[in-house]
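Student: Throw the hints in and build the complete structure from the sequences for me.
Respectively, the protein sequence lines represent chains L and F. Numbers in the numbering used here are just positions in the first sequence, counted from 1, shifted up by 137. Numbers in the numbering used here are just positions in the second sequence, counted from 1, shifted up by 137.
Don't read these hints as lab results, they were simulated from the structure. One thing to keep in mind: the hints can contain errors.
Stated by the list, open to error - Here are the in silico distance ranges between beta carbons for each label pair:
#1 Gln172/F with Leu168/L: 28 to 36 Å
#2 Gln242/L with Ala169/F: 20 to 28 Å
#3 Pro188/L with Ala224/F: 14 to 22 Å
#4 Ser223/F with Ser165/L: 27 to 35 Å
#5 Pro228/F with Gly173/L: 36 to 44 Å
#6 Ser210/F with Glu153/L: 41 to 49 Å
#7 Ala152/F with Ala244/L: 41 to 49 Å
#8 Ala152/F with Glu209/L: 44 to 52 Å
#9 Pro151/L with Gln231/F: 33 to 41 Å
#10 Arg239/L with Gly173/F: 38 to 46 Å
#11 Ala162/L with Gln189/F: 29 to 37 Å
#12 Gln231/L with His249/F: 14 to 22 Å
#13 Glu153/L with Ser165/F: 33 to 41 Å
#14 Gln242/L with Gln189/F: 35 to 43 Å
Cβ atoms here follow ideal geometry from the backbone N, Cα and C, with glycine treated the same way.
Given next are the chains, with one letter for each unit.
There are 2 protein chains.
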Amino acid sequence: MDGIHLLGEWFDCPAESPAMIQSGALRSLCLAATQGAGLTAVGDKFHQFAPQGVTGMVLLAESHLAIHTWPESGFVSVDVYVCNFSADNTPKAQHLFDALRRAFQPARVSEHTIRRGGLEPVRKAA
Amino acid sequence: MDGIHLLGEWFDCPAESPAMIQSGALRSLCLAATQGAGLTAVGDKFHQFAPQGVTGMVLLAESHLAIHTWPESGFVSVDVYVCNFSADNTPKAQHLFDALRRAFQPARVSEHTIRRGGLEPVRKAA
Numbered sequence: 138m139d140g141i142h143l144l145g146e147w148f149d150c151p152a153e154s155p156a157m158i159q160s161g162a163l164r165s166l167c168l169a170a171t172q173g174a175g176l177t178a179v180g181d182k183f184h185q186f187a188p189q190g191v192t193g194m195v196l197l198a199e200s201h202l203a204i205h206t207w208p209e210s211g212f213v214s215v216d217v218y219v220c221n222f223s224a225d226n227t228p229k230a231q232h233l234f235d236a237l238r239r240a241f242q243p244a245r246v247s248e249h250t251i252r253r254g255g256l257e258p259v260r261k262a263a
Numbered sequence: 138m139d140g141i142h143l144l145g146e147w148f149d150c151p152a153e154s155p156a157m158i159q160s161g162a163l164r165s166l167c168l169a170a171t172q173g174a175g176l177t178a179v180g181d182k183f184h185q186f187a188p189q190g191v192t193g194m195v196l197l198a199e200s201h202l203a204i205h206t207w208p209e210s211g212f213v214s215v216d217v218y219v220c221n222f223s224a225d226n227t228p229k230a231q232h233l234f235d236a237l238r239r240a241f242q243p244a245r246v247s248e249h250t251i252r253r254g255g256l257e258p259v260r261k262a263a
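Tutor: As structure tokens, this is what we get:
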């Protein structure tokens, strides 16, 4: 299944932003950004760590969004993965990714795009 | 946050295996494999598509597991991402990934390992 996976490591994000520290705020942000991108959430789960940090995922009809925050170091890790089953969802994935980046306001980023699930598997399974 | 991300595209998996087609079976497999690898689940969510296919995620204390099945094409996409906050969790991630591969029995695979969240961000944010 052809798809696109966007990976972000976002550094120096303001640590006090609600989405960095509260699971409810992060969930609201993720679901709103998913909807805003025209992607379809079919389930989600978020978890609040003690003393700090939030982790969460949104199951998409198109694949998934995953996000992890470390307020103590201003760091956010994000994955947006969409499959192109019935349409090219790449622009929607980028829209979602960009909306989240805007929300977290990182000063520095490391980002990669991976094309997944093409028709050319590289080796036979062991 | 330094971490390791294993990505798998597994082809020609037997389409009739319960974990390919039933969300409950996939959830049980994922939670057992997580525990077997010595990783810590803090939440999970699985979704059954109609007419077929399952998607799910396990939130880990160490980051996440995500998996999507397409029984109609014998295809499975999997992500295992662990951060090395207090220890090097790479062997545990590989253990989980290998256990899932054994369960799905792909004939062909495309797999990649990505090192994430290092100390060298590549550019300033726009």
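Student: State for each hint whether it applies.
Tutor: How the hints compare with the structure:
1. The hinted range of 28 to 36 Å is satisfied by Gln172/F and Leu168/L, whose Cβ atoms lie roughly 29 Å apart.
2. Gln242/L and Ala169/F have their C-beta atoms about 40 Å apart, which leaves the hinted 20 to 28 Å range violated.
3. Evaluation of the 14 to 22 Å hint for Pro188/L and Ala224/F yields a pass: the beta carbon distance comes to about 19 Å.
4. At roughly 30 Å, the beta carbons of Ser223/F and Ser165/L sit within the given window of 27 to 35 Å.
5. Separated by about 39 Å at the C-beta atoms, Pro228/F and Gly173/L satisfy the suggested range of 36 to 44 Å.
6. Remark: the range hint 41 to 49 Å for Ser210/F to Glu153/L is upheld by a beta-carbon distance near 46 Å.
7. Restraint check, Ala152/F to Ala244/L: a C-beta distance of roughly 47 Å satisfies the suggested window 41 to 49 Å.
8. A hinted range of 44 to 52 Å holds for the C-beta pair Ala152/F and Glu209/L, which are about 45 Å apart.
9. For Pro151/L paired with Gln231/F, a C-beta distance near 35 Å keeps the hint of 33 to 41 Å intact.
10. Checked against the hint of 38 to 46 Å, the C-beta distance between Arg239/L and Gly173/F comes to roughly 40 Å, which is consistent with it.
11. Look at Ala162/L against Gln189/F: about 35 Å separates their beta carbons, and that is inside 29 to 37 Å.
12. The beta-carbon spacing between Gln231/L and His249/F, approximately 21 Å, falls within the hinted interval of 14 to 22 Å.
13. Distance hint check: the CB atoms of Glu153/L and Ser165/F are about 40 Å apart, consistent with the given range 33 to 41 Å.
14. For Gln242/L paired with Gln189/F, a C-beta distance near 41 Å keeps the hint of 35 to 43 Å intact.
The earlier numbered hint that this structure contradicts is number 2, and it is the only one.
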